[in-house]
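Whenever a hint applies, use it, and build me the whole structure from the sequences.
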Amino acid sequence: MLFEIKNKIDEIGYLCDEVKTFCNANHISNEKYHDIVLILDEMVTNIIMYAYPDGGEYIFSVEIEKTNDNFVNITIVDNGIAFDPLAKDDPNTSSGIEEREIGGLGIFLVKQLSECIEYSRIDEHNKLNIKVAIVKKEENNGS
Amino acid sequence: MEVKTEDNSGVIILTPMGRVDTSTAKIFEDSVMAAADTNGKIAVSFDSIDYISSAGLRVVLMLGKKLKASNGTLVLINMPDKIYSVFKMSGFDKILKICATFDEAKPLFG
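Those sequence lines, one after another, are chains X and C. Residue numbering for the first sequence follows our numbering, beginning at 1 and increasing consecutively. Residue numbering for the second sequence follows our numbering, beginning at 1 and increasing consecutively.
Source of the hints: derived by calculation from the structure; they are not laboratory data. You may find that some hints are simply not true.
Derived PhoX-like pairs: lysine-lysine, alpha-carbon spacing no greater than 20 angstroms straight-line [said to hold, decoys possible]:
id, chain 1, residue 1, chain 2, residue 2
1, X, K32, C, K88
2, C, K82, X, K32
3, C, K68, X, K8
4, C, K94, C, K68
5, X, K32, X, K66
6, X, K111, X, K32
7, X, K20, C, K82
8, X, K111, C, K82
9, X, K111, C, K88
Footprint (simulated), chain C over chain X, 3 or more residues, beta carbon under 8 angstroms [as the list claims (entries may be wrong)]:
id, stretch
10, 10-23
11, 40-50
12, 119-129
Beta carbons: idealized from backbone N, C-alpha and C, even for Gly.
Take a look at the structure:
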């Protein structure tokens with residue numbers, strides 16, 4: 001399933017609805033729908049907010065597909081400014097409430113919820129591949 | 001997205017409904033901050049949202065900081081497992097009070 005997303009924050013709601021349809025059609029549980037939609041929200045929001053600082057209207061692509069070995073592959077490609085989400089330090093999740101800062105939390109959550117994330121910068125485009133397991137590993141092995 | 005507000009024996013219970021994402025976080029923020037301006041005892045109920053992104057978590061953290069600074073009390077209640085796991089991953093379970101139900105939260109408001 002391929003989506004063309006405008007760099008407008010209202011697009012998140014549209015994407016969530018489409019992902020719900022995708023998950024229902026592929027018999028993906030509500031729990032995994034939750035993880036997939038949270039991952040997409042965080043990464044797509046980053047692009048909408050920061051990839052196009054000139055304020056112009058742009059379109060980038062989000063592709064989501066279920067593989068035969070029970071993964072969901074998410075591929076996001078944008079032609080905004082170079083940004084490697086994996087280069088950021090993880091937030092300190094053990095600091096007290098007064099010192100606690102929110103920066104970097106979105107990407108940290110994406111890392112926690114996915115099997116692997118790959119970033120590449122090719123021909124002036126950011127390409128992000130995120131792999132999400134939709135069946136627990138034990139179940140995958142048939143045990 | 002909207003936020004339902006209810007007064008239960010002096011505690012304001014706020015229930016965000018729908019999606020708490022970047023496009024709706026401002027509505028969530030305005031509602032909870034306005035409530036915290038008038039009342040120091042706040043419970044936020046999470047049983048009516050689809051998911052919470054880091055934009056929503058930021059608002060919960062801001063509310064927690066504000067109430068901490070004003071000697072108020074914030075308790076998060078009715079959290080489905082998926083939402084709880086996001087709070088736990090973020091380390092928020094260690095800095096915010098989380099209870100299964102409002103009844104369980106009541107004694108924390110004194």
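Query - Unsatisfied constraints (hint numbers, rising) - result: Those not satisfied are hints 3 and 12.
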